[in-house]
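Trainee: Protein sequence lines correspond, in order, to chains A and B. Under our numbering, the first residue of the first sequence carries the number 1, and numbering increases by one thereafter. Under our numbering, the first residue of the second sequence carries the number 46, and numbering increases by one thereafter.
Simulated from the structure, these hints should not be mistaken for lab results. A couple of the hints might just be wrong.
Using 27 Å as the maximum straight-line C-alpha spacing, the simulated BS3-like pairs for lysine-lysine come out as follows [to be verified]: (1) B/Lys82 / B/Lys226; (2) A/Lys7 / B/Lys226; (3) B/Lys74 / B/Lys226; (4) B/Lys74 / A/Lys4; (5) B/Lys314 / B/Lys275; (6) B/Lys314 / B/Lys258.
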Amino acid sequence: MRNKFRKLALLPYTFVLMNWAAVVGLYYFAHGSVGIWGPTRVRQA
Amino acid sequence: MAKAIFFMALAGIVYVYIGYPLLLMAWRKTGRRPVRKNYCEPSVSLVMAMHNEQNTAERKLRNCFELDYPSTKLQFIVSLDAPTDDTEALVRNYAGERVEIHYSPVHRGKAEALNSGVAMATGEIVVFADARQQFDKQAIRELVANFADPSVGAVSGELVLLDEQGQESSDAVGLYWRYEKGLRAMESDIHSVPGATGAIYAIRRELFVPLPKDTILDDVVTPMRIVLAKMRVIFDAAARAYEVVSEKHSSEYERKTRTLEGNYQLFAKLPQLLLPWRNPIFVQLISHKLGRLLVPYCLVALFISNVFLLSGLYLVFFVGQVLWYVLAGIGWLISTRDSDVLSAATAGQQPVERTICETSSEN
Numbered sequence: 001m002r003n004k005f006r007k008l009a010l011l012p013y014t015f016v017l018m019n020w021a022a023v024v025g026l027y028y029f030a031h032g033s034v035g036i037w038g039p040t041r042v043r044q045a
Numbered sequence: 046m047a048k049a050i051f052f053m054a055l056a057g058i059v060y061v062y063i064g065y066p067l068l069l070m071a072w073r074k075t076g077r078r079p080v081r082k083n084y085c086e087p088s089v090s091l092v093m094a095m096h097n098e099q100n101t102a103e104r105k106l107r108n109c110f111e112l113d114y115p116s117t118k119l120q121f122i123v124s125l126d127a128p129t130d131d132t133e134a135l136v137r138n139y140a141g142e143r144v145e146i147h148y149s150p151v152h153r154g155k156a157e158a159l160n161s162g163v164a165m166a167t168g169e170i171v172v173f174a175d176a177r178q179q180f181d182k183q184a185i186r187e188l189v190a191n192f193a194d195p196s197v198g199a200v201s202g203e204l205v206l207l208d209e210q211g212q213e214s215s216d217a218v219g220l221y222w223r224y225e226k227g228l229r230a231m232e233s234d235i236h237s238v239p240g241a242t243g244a245i246y247a248i249r250r251e252l253f254v255p256l257p258k259d260t261i262l263d264d265v266v267t268p269m270r271i272v273l274a275k276m277r278v279i280f281d282a283a284a285r286a287y288e289v290v291s292e293k294h295s296s297e298y299e300r301k302t303r304t305l306e307g308n309y310q311l312f313a314k315l316p317q318l319l320l321p322w323r324n325p326i327f328v329q330l331i332s333h334k335l336g337r338l339l340v341p342y343c344l345v346a347l348f349i350s351n352v353f354l355l356s357g358l359y360l361v362f363f364v365g366q367v368l369w370y371v372l373a374g375i376g377w378l379i380s381t382r383d384s385d386v387l388s389a390a391t392a393g394q395q396p397v398e399r400t401i402c403e404t405s406s407e408n
């Protein structure tokens, strides 16, 4: 039950996140891309 | 006014996520163009661009050596883009054996690295791969079999996302990716997919045009140039690469941001794609790529216009929207908690430096 609710909540979250990514993508594009391996795209995971 | 905005926004969202797949289903029934696949063995160059890949490079090269394809017809090229970790040393262990290396001491970016790699290629077919994903043993054979059809200029393989148990991912990201692959399969049957999977795709070498150095999505720009040259870019689910997906939604978010940023760049760099008489897959591109870029604004318009329409069915719809976003908020909390648990579980392990964006784009 708990797992089902988790999945149910993660679906709209993923949908919203992916759409927000389109807005942020436009922001990056408008402000100049740094390229795939540019310094701001490298993080410590 | 509010009603007009409400219905326009709703129509846009419904078309992109439901109407377009239905359109493709109907289109495929009447206009299917099967690919004449034939298992031949042309010479192949497998090109991989690498920056800091010390955790994946060796595993990837071993995976390459295990591919079921005649070794005399398979050239491996690694284009090193000024790595600052141990990637160079790891790859050089295999130099001369079967791996040819292009090394750039200057950090130039992935597009330039790919240009250098393809310049060294001698194979009739060039296969592109990323360091993180593992190829299925038959992947190359399946990819190149499609080039027996002279109308095919590029072939995208299938990237299978696995969870940490090695099963095909069934979380929200996995479901989204399966939906995406369903669209690609239908687009491929009709004419072409508007972009390939960076983890595994192949082109005829003579069709490669060097990429502009600031290219974000090589796996979309190159295939779309091939489409503009009136050749097909198809999707073949038999050619598979595998990747274990991150439990962290933030990683997927970063990847998606890059992909969508790249889509904006695509339209800016290749404006002829927006001309229906130049682009044979104009409808697919607009519906699949441009539509996705516009949906977030439709969502905002839908919500705001709904605020001014709070009666009858509009009220029910509004409550539904609010519930959707409340659930999304709960999902965010769950995801944040999961990330914390994951971070705590991996604490104490050696930190791993990786480029977030070296993974294929989910175009």
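Trainee: State for each hint whether it applies.
Mentor: Hint-by-hint comparison with the structure:
Using a Cα cut-off of 27 Å, the hinted pair B/Lys82 and B/Lys226 holds, with the two alpha carbons roughly 20 Å apart. Pair hint A/Lys7 plus B/Lys226 holds up; C-alpha atoms about 21 Å apart against a cutoff of 27 Å. Among the hinted pairs, B/Lys74 with B/Lys226 is consistent with the structure: their alpha-carbon atoms are about 18 Å apart, no more than 27 Å. Proposed proximity of B/Lys74 and A/Lys4 is contradicted: the alpha carbons are some 36 Å apart, above 27 Å.
Proximity of B/Lys314 to B/Lys275 is assessed by CA-CA distance (about 18 Å); at most 27 Å being required, the pair is judged to hold. Among the hinted pairs, B/Lys314 with B/Lys258 is consistent with the structure: their alpha-carbon atoms are about 12 Å apart, no more than 27 Å.
The structure fails hint 4 only (numbered hints given earlier).
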